[in-house]
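Asks: For chain A, the structure is supplied; the task is to place chains B, C and D on it using the hints.
Number of protein chains: 4
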Amino acid sequence: MIDCVLLLNCEDQSGVVHEVSRFIHESGCNIISSQQHLEELDKRFFMRVRFDITNLNCTRQDLTKNFDVIAQSLNMAYELNFSDYKKKVAIMVSKYDHCLYDLLLRHQYGEWNAEVALIVSNHKDLESVAVHFNIPYFYMPIDPDNKEAREEEIVKLMNQHQVNLVVMARYMQILTPVMLDAFPNRIINIHHGFLPAFKGAKPYHQAYEKGVKLIGATSHYANEELDMGPIIEQETIRVNHSYSVKELLRMGRDIERQVLSNAVRSHLEDKICIYKNRTIVFD
Amino acid sequence: MIDCVLLLNCEDQSGVVHEVSRFIHESGCNIISSQQHLEELDKRFFMRVRFDITNLNCTRQDLTKNFDVIAQSLNMAYELNFSDYKKKVAIMVSKYDHCLYDLLLRHQYGEWNAEVALIVSNHKDLESVAVHFNIPYFYMPIDPDNKEAREEEIVKLMNQHQVNLVVMARYMQILTPVMLDAFPNRIINIHHGFLPAFKGAKPYHQAYEKGVKLIGATSHYANEELDMGPIIEQETIRVNHSYSVKELLRMGRDIERQVLSNAVRSHLEDKICIYKNRTIVFD
Amino acid sequence: MIDCVLLLNCEDQSGVVHEVSRFIHESGCNIISSQQHLEELDKRFFMRVRFDITNLNCTRQDLTKNFDVIAQSLNMAYELNFSDYKKKVAIMVSKYDHCLYDLLLRHQYGEWNAEVALIVSNHKDLESVAVHFNIPYFYMPIDPDNKEAREEEIVKLMNQHQVNLVVMARYMQILTPVMLDAFPNRIINIHHGFLPAFKGAKPYHQAYEKGVKLIGATSHYANEELDMGPIIEQETIRVNHSYSVKELLRMGRDIERQVLSNAVRSHLEDKICIYKNRTIVFD
Amino acid sequence: MIDCVLLLNCEDQSGVVHEVSRFIHESGCNIISSQQHLEELDKRFFMRVRFDITNLNCTRQDLTKNFDVIAQSLNMAYELNFSDYKKKVAIMVSKYDHCLYDLLLRHQYGEWNAEVALIVSNHKDLESVAVHFNIPYFYMPIDPDNKEAREEEIVKLMNQHQVNLVVMARYMQILTPVMLDAFPNRIINIHHGFLPAFKGAKPYHQAYEKGVKLIGATSHYANEELDMGPIIEQETIRVNHSYSVKELLRMGRDIERQVLSNAVRSHLEDKICIYKNRTIVFD
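Protein chains in written order, with the working numbering: chain A, 3 to 285; chain B, 3 to 285; chain C, 3 to 285; chain D, 3 to 285.
Read the hints as simulated data drawn from the structure, not as lab findings. Careful: at least some of the hints might be erroneous.
A pair holds if it fits inside one copy or across any two, identical chains being indistinguishable in the list.
As the list claims (entries may be wrong) - EDC-like mimics (lysine to aspartate or glutamate), calculated; alpha carbons at most 16 Å apart, straight line:
#: 1; residue 1: K248; residue 2: E41
#: 2; residue 1: K89; residue 2: E13
#: 3; residue 1: K97; residue 2: D127
#: 4; residue 1: K278; residue 2: E211
#: 5; residue 1: K212; residue 2: D229
#: 6; residue 1: K248; residue 2: E113
#: 7; residue 1: K212; residue 2: E41
Just so we're clear, the structure is a prediction, and the values are computed from it rather than from any experiment.
Chain A extracted, bound-state conformation:
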């Protein structure tokens, strides 16, 4: 079965669901699932519809063109994604490998309808992991003086690989606007702390000092404000006074990989809308 996901948002108004379902029905397609969300304060309406296009009665180009007419009349922002196109993912890493393994294993198990196109790193350390999983690995060292130039190279490289999504799998560099502007709302980062607490460096050390009883991890879209982009997914895990910083780091690894992978899955399944620095993540 080939299906299509339509993700849209517009001002709340009567008849949107009807218009969308009529359009899908008249195109010969069948709705498999749909979800809506109304942001009450702003009267903004969000919708995700997945529909089977086996019996589509026009070309895909026409489908898109026809929907565009509706979208314009209702002043919608939208995306249409077909399941027989595999999104291309780039993974950025430094030296920690726990998130990288987790992502590559899920890729290998077929958990995602996507392809890991390349791995980019500012270190050589994890090349053997890339070789083991048979993914191209690009060594792109960063020094403070070359950062923007290097990121321009990286963007070029990613464009050559037609990358749709960049995953920072514990990539220990702060991105410049060069990368951020090239992939707006298309870069997912994992922060090893429960945001908005413990922003910045060494969050587990901060958590230890404060004596918290839970530690967390937060996955979010990267934007120009460090660790402040829209939150996609969070998790916490119970700790106590007897945990050393080393053990907090170990437990952190367990939830970081889980939280990052869940966020990546939601993105790849076209389940995330961003609105005013918050995310709507359909289930």
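Replies: Chains B, C and D only, in chain A's frame:
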């Protein structure tokens, strides 16, 4: 805002969502949220739609009558519930009060669009709780010889109170077909164990013997097979070797009340479909 | 069985466990359980021992006096508590009752070896709850001009009731040094947010604005810095974009009561040491 | 720092903790942590003590010999393990690799004071994983006619590698008494279900049929009764009607690896006692 929830299921077929959304739109109403589920193996389609009826352009009777035509043509089972009708809830208890307090407090906080109409008990112990919360309390003692006759009285009493939902809040009696047939899929029970493990009596003692590391609670619709009705909600909580049976009972109280109240909420919000002894619980 | 809990801390040094266990053994008593913690950085040693005093071969006064000699020689801080003394608890409330009910029900179930001696409130609203559970209720209104004087009255009242622990069960007043100094490390507060994020007022509104995917509650000892005292217990619960602030408040109630009651239990069971604004909470 | 863990159990009697702490103190050692458990019904006492042997004032042989005298006089079963000996672990696998990767990564991160000595498999599929992590891999195919003979070979091989612990990381064969008797209470298995529910084959399919709202994984010691050995660790994860069996399998992978690794860690840290088919797992 008055809204209406339509809960339906039918054979999977093209155009159901379209038909439903067209109907709602043409009645002058606006969809607030909707969810679907396709039971793949059986090709059975389930849908819940909540819509605002502020601008309904016909009477409610006509709305229902019009939808009935669609439902018959598509061979649907359905329910239509309006938010300005408060469902009537009966609570059945014996001597344990933790679930009872939890339900009555949520009722008092306005967490539910429902009214606790009466409390029925086979003991007098909890009458003071009913008095405190100002709910009528009926003492209906059961002995093995009068069980069916007594349940007939209870059914009559509940019908006088126009009860839509019966909640067994640790009611320590096995119901007979008299009650079960009077409220099919309308009686929610809490079992103090993780079903299907530990059916029947003293599940915490069974869990202790077995040395499990988690204990659970399960809320389900009551049917003629003891502790085997459709599961609505479950939860587990971590325990270890150091917990006595008394402590397992304490932790059990904490999750029993939570699991039962969550199940009741889902039912009262018209989020549950039952199909082949399983539930679809929309989120 | 009458037992005794010894809670101590001292500089780490060889033989502490040996000295303590020798002392207990030579007093005719038997260790039921013990736990230790070594704060590695500061070389500070913490220990909790529970022992059966059925066969105690001296008076309790002598037991204490004898241990005092050891404690002085090893420069220990310690507490000795006997299980046949029920600690006296004061509960402070304003208008929210969910934590109050939870505490009073646990008290009634015998979950604690303690007595709720009185309830103090700056409002009259919850008096009927106190009546229902048969606990003395004292109405102590606060206005900005009388706060310290009023707290002096409250302290006096609590002393008359021999209160050992004060529980702020959503008491919506910031305490002055009058109360804080009268009960150092003896006042437990519940903050309806995951500290150190979302300090201060309306944390659920803050969480909603930020779009977090988990909300939390934190129980801590009250000290002179608002919401910054030593953390005892925390919990989080999963939320998403579809939750209104009203629903966040509802879910908040569920975890607030749980977190507060867990903290109170740990305190009443003499399981908490405080050191440098962090807690050691033995399990 | 070199430390030693003493794990013991004996009939409950006065003075055990005192005897043990005196012994440690008189050997020049310092207790870092200790835990006890009293199995109330049977009056059986369990204890784990970790102590620093930096200043041990005798040989290790003498330490052991001296303790043996105490152990005999108190009729104790015990084990003494020194931290400068790395336990040797054998991992058994078939074709699923998620638990294998998780174990090998933790090994690589230094989470355990142990060495993965070899991997044994009845298939060739995962040899490349072993090569990547630089662990010897032994292909030991099983057919119904050769099972016991093959297991004799495996036992021999493991003994050559001085294996202390066998981890069945989704090894899809039922062991015969040959293996079980060679490593009593030394073989850890992962069952992909919440035992005691869903024993045997295809537990996720069973869970799906039953419509449970949580799925689980259970790690236990293998014994002669299939999936009935002492439970070490369990975890559950929330699912709902919309999860296909394929998605249940995916979520299962996430908790299986976590539960198995936690059980292995507890074993390697000498935190587990077994008593009457239940485990005491010190924290």
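Asks: Which holds for K89 with E13 at a C-alpha limit of 16 Å: within a copy, between copies, both or neither?
Replies: For K89 and E13, neither the intra-copy (29 Å) nor the inter-copy (33 Å) Cα distance is at most 16 Å.
Asks: Since the copies are identical, ignore which copy is meant and state whether K97 and D127 lie within 16 Å (CA to CA) inside a copy, between copies, both or neither.
Replies: within (6 Å within a copy, 28 Å between copies)
Asks: How do K278 and E211 come out at 16 Å by Cα distance, when the copy is not named: within, between, both, or neither?
Replies: between (33 Å within a copy, 10 Å between copies)
Asks: At 16 Å max between alpha carbons, let me know whether K248 reaches E113 within a copy, between copies, both or neither.
Replies: between (31 Å within a copy, 9 Å between copies)
Asks: Between copies, within a copy, both or neither: which fits K248 and E41 at Cα up to 16 Å?
Replies: between (42 Å within a copy, 14 Å between copies)
Asks: Is it within, between, both or neither when you check K212 against E41 at 16 Å Cα-Cα?
Replies: Between copies only: 14 Å across, 35 Å inside.
Asks: When Cα atoms must be at most 16 Å apart, do K212 and D229 count as within-copy, between-copy, both, or neither?
Replies: For K212 and D229, the Cα distance is within 16 Å only across copies (12 Å; inside one copy 20 Å).
Hint compliance for this structure: hint 2 alone is broken.
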